[in-house]
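Visitor: Residue numbers (this note's numbering), protein chains in the order written: chain A, 2 to 504; chain B, 2 to 504.
Hint data in this document are derived by calculation from the structure and do not stem from the laboratory. Worth double-checking, as some hints may not be accurate.
Which copy is meant is left open, because identical chains are indistinguishable; a pair holds if it fits in one copy or across any two.
[Stated by the list, open to error] Below 20 Å or equal to it, Euclidean Cα-Cα: the simulated DMTMM-like pairs (lysine to aspartate or glutamate) are:
(1) K80 x D480
(2) K240 x D262
(3) K476 x E362
(4) K345 x D431
(5) K110 x D431
(6) K45 x E166
(7) K45 x E310
(8) K447 x E337
There are 2 protein chains.
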Amino acid sequence: MSTQPVLPQGVSAAEFARAIAAFRKVVGDEFVITASDRLLPYRKIMIPADENEFAPSGVVAPASVEEVQGVLAVCNQFKVPVWPISTGRNFGYGSASPATRGQMILDLKRMNRILEVDPVLCTALVEPGVTYQQLHDYLRERDIPLWLDFPGPGPIVSPVGNTLERGGGNTPYGDHFGNACGMEVVLANGQVLRTGMGSIPNSTSWQVFKYGYGPYLDGIFTQSNFGIVTKLGMWLMPKPAGYTTVMVTYDDPEQIGVAVDTIRPLRIDTTIQNVGVMANEAIVLTGMKRRADLYQGAGAVPQDLMLSEVRKMGLGAWNVFFTLYGTDKQIAPNLEIVTEAFSKSGGKVIPGIHDGSQVNELSLSSFSLLNWVGGGGLYWFAPVSPARGTDAIRQMHLARSILADHGMDYLSAPTLNGRDLHHLVAMVFDRNDPDASKRAKACYGKLVTEFGKQGYGLYRVAIDYMDQMAQIYGKTNRDVNRSIKRALDPNGILAPGKSGIHL
Amino acid sequence: MSTQPVLPQGVSAAEFARAIAAFRKVVGDEFVITASDRLLPYRKIMIPADENEFAPSGVVAPASVEEVQGVLAVCNQFKVPVWPISTGRNFGYGSASPATRGQMILDLKRMNRILEVDPVLCTALVEPGVTYQQLHDYLRERDIPLWLDFPGPGPIVSPVGNTLERGGGNTPYGDHFGNACGMEVVLANGQVLRTGMGSIPNSTSWQVFKYGYGPYLDGIFTQSNFGIVTKLGMWLMPKPAGYTTVMVTYDDPEQIGVAVDTIRPLRIDTTIQNVGVMANEAIVLTGMKRRADLYQGAGAVPQDLMLSEVRKMGLGAWNVFFTLYGTDKQIAPNLEIVTEAFSKSGGKVIPGIHDGSQVNELSLSSFSLLNWVGGGGLYWFAPVSPARGTDAIRQMHLARSILADHGMDYLSAPTLNGRDLHHLVAMVFDRNDPDASKRAKACYGKLVTEFGKQGYGLYRVAIDYMDQMAQIYGKTNRDVNRSIKRALDPNGILAPGKSGIHL
């Protein structure tokens, strides 16, 4: 309690103290945090941003919709903004940190009920504090044959938080928002909206049909600050009769082009049903080596060095992973088709590989990425591209060159979802090294700008570049978002700065 | 020109005349219609509503985005509302008619360019006036192996209009909004918004990735009056290597239950990839008979009579149609699985059926429905249900009983999309018969109310019941829609009353 709290913009110390007292009345003393040492767990920001710039004012953790409403009443009264988090594991994009200094983190971890799982309709209804691990355990304990699709840091992440950021995973249910159905949203004025079919009294169909009647609203509550989602419907994948995971390796980095042009039609015609992670040599190496064991020189690790390392392990410059699901008889013709197509494209096809992320096995193994350099720094750079070989090659060269200019390695794991490629690039660096942090930050900004100039936008962005990304998406887009923001949150108490949306 | 025009609410005759003159300046004299005889083609409302209640003030037909902007400027100046239509073929829901009396129909038929078809990425970008027939011809003339998914009245309908109403079809791309990607929207203030990736300068990815960055907005421009969509991106299905359409017949009406419980898991696990139309005995008969040839008595046609008719043709009380797509080798195991499952459920499985709507063949055959009674009256009643046998049976009995109370037949063609069932019921009647029209109208209202009481909402509703349906979806839903409406269209010039949304 030694240090002064970070005050919300325009709020005096006295007013803030009154607001904190009011929060305590709503949620109980122990669920309001202002002491800076107790805020530390919320400040593992990972990105190279100035922590002071994104410092929260405190934390308030409601246990129910009613308490969320109570908190919002206090926010409106004292003009104190809140930044909602589910579990706060938005790693590489800002973790639990608000996009601007001086917001109360609204921690929804206590709202962690699995409200319903329907094994017949293959749906679930969960609160924001539920983690993938919790839902996984729930299903296993009850022997419910439904699978989960989860993002990289799986077990500790919230399906609600990840879906609201429009995150993805590696099974046929990889588009998390696309497989969400029905939301409960507490609005800034305390009204509770159920979207889709959920607002009908005694609704029978909230988790089965998304669109409801009239404007389909759910999308505006993702990557936004228009409301607080307190319940989310999910579609779950029925456990398949069987599966065969296939790896295809390509020796030459330029073969990202043929790889993409081979996967795309098979993905669109559903011969391949999941997103087909494509890992380059460098990101594959992070699972096995530390950078320093391989290279101590200046600048990015020379690509030849990495290529020769992965070749020793039978891996390639690009390594495509996907899974064929179904009965043996259903898989057989698909395996034949993909084997022929990928072989013809110059890839080496290896069926029978194991990849837990494609078959409902939760693990923390993706964190091995952070061991590449150590020091815990991570940015995800995530431009979208058409799923076309020429674009993939162009993006690869552009990313690699900008990263190299900043002494950073190109750790790439694009996912191909059909018509688009999410060109995911992990930027890992030592956060304890000011120079490395500075270079990472500059590099990210340069990547955002240069990709934007080429007509490529990001699907998701770290908190320190939200405003810049919103600029790239243009004035009309910003105007519309601001109009809706004003309409639904006239006092601007919800997550100011999220996705570049301010009052 | 003999009759007085229908004036927009609160607009004097003099002011309206000035507005019309201003519209003429924007789009040219010939593209503004007020003469009542020239309005007749726009007034084939089909539903049994009082035509005066929904009478338009006139028609204005812009040829470009700039002209749309010009029209909106006039609308804002004179407070004259416009009701946008693409081709106005919203049959059974109100056709081209506005939801309230005294709106100018904004006819977008002149904006009918196919702006782009990408045969590699399997996408298209079209304007509102484009019809399915036009797009179909475009693809065929260029030998582009892409298929269309279209609603019942296929050829003459606009993909844009149908998608904005969240209509559906019978192929794996049956969810039209789900397969839309990127919109251009002219807002009430004349600003032009491109959604998703489209607002980035020189965007590369507008038609490949839907969500863009920040709030995903597209949904709010469907079934709404928040903007005028002037371009729409579409995902098209690559022509499959082959296909086998399968019919399954069930003798007993109650077997809708086992039918649904058999389709659902196969549809969710993607063994069956398309929506599986399920036609009952009565709707099947409409394609072959006239009602009067079968029955001249009072009330609904006795079900036994219809069942004995369809039995003669080898059809059942329920007749399920779906298609397996792929190579012969891919189809074989799926056919084996479905044959076993449906046989086990008590259905008779007949592979090798022809259904053009599932294999890219456009036709007007669905209009045979109207010949059942003649007189051109049509309402679609479209409640949503969980895809669960018990719900399907419950909805069937409820619908059949309410229809019978009003002397109407139960013509039913539910589609099963995975977790939900769209229980589509065609209500055909003689519009020239005032009693029949009155009964149809009363029946629709009763169906809406009684289904609502059971927790079932409609996915789409006719213009004369939009307000009542909005009531069922609750106050918070209405409040949110009205807030967004006020924010984006402060003068309320866009389609007042659409989906029950008024200022």
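Visitor: State for each hint whether it applies.
Guide: We went through each hint and held it up to the structure:
In this homomeric assembly, K80 and D480 never come within 20 Å of each other (Cα to Cα): the closest approach is 23 Å inside a single copy and 23 Å across copies. In this assembly of identical chains, the alpha carbons of K240 and D262 lie at most 20 Å apart only when taken from different copies (17 Å versus 30 Å within one copy). Proximity of K476 and E362 under a CA criterion of 20 Å is satisfied in neither setting, with 43 Å inside one chain copy and 43 Å between copies. For a Cα distance limit of 20 Å, the shortest separation of K345 from D431 qualifies neither inside one copy, at 42 Å, nor across copies, at 62 Å.
In this homomeric assembly, K110 and D431 never come within 20 Å of each other (Cα to Cα): the closest approach is 29 Å inside a single copy and 59 Å across copies. Only within a single protomer do K45 and E166 lie at most 20 Å apart by alpha-carbon distance; the minimum there is 19 Å, versus 45 Å between protomers. Taking identical chains as interchangeable, the C-alpha atoms of K45 and E310 are never at most 20 Å apart, the minima being 33 Å within one chain and 72 Å between chains. Taking the closest pair of Cα atoms, K447 and E337 never come within 20 Å of each other, the shortest separation being 43 Å inside a single copy and 55 Å across copies.
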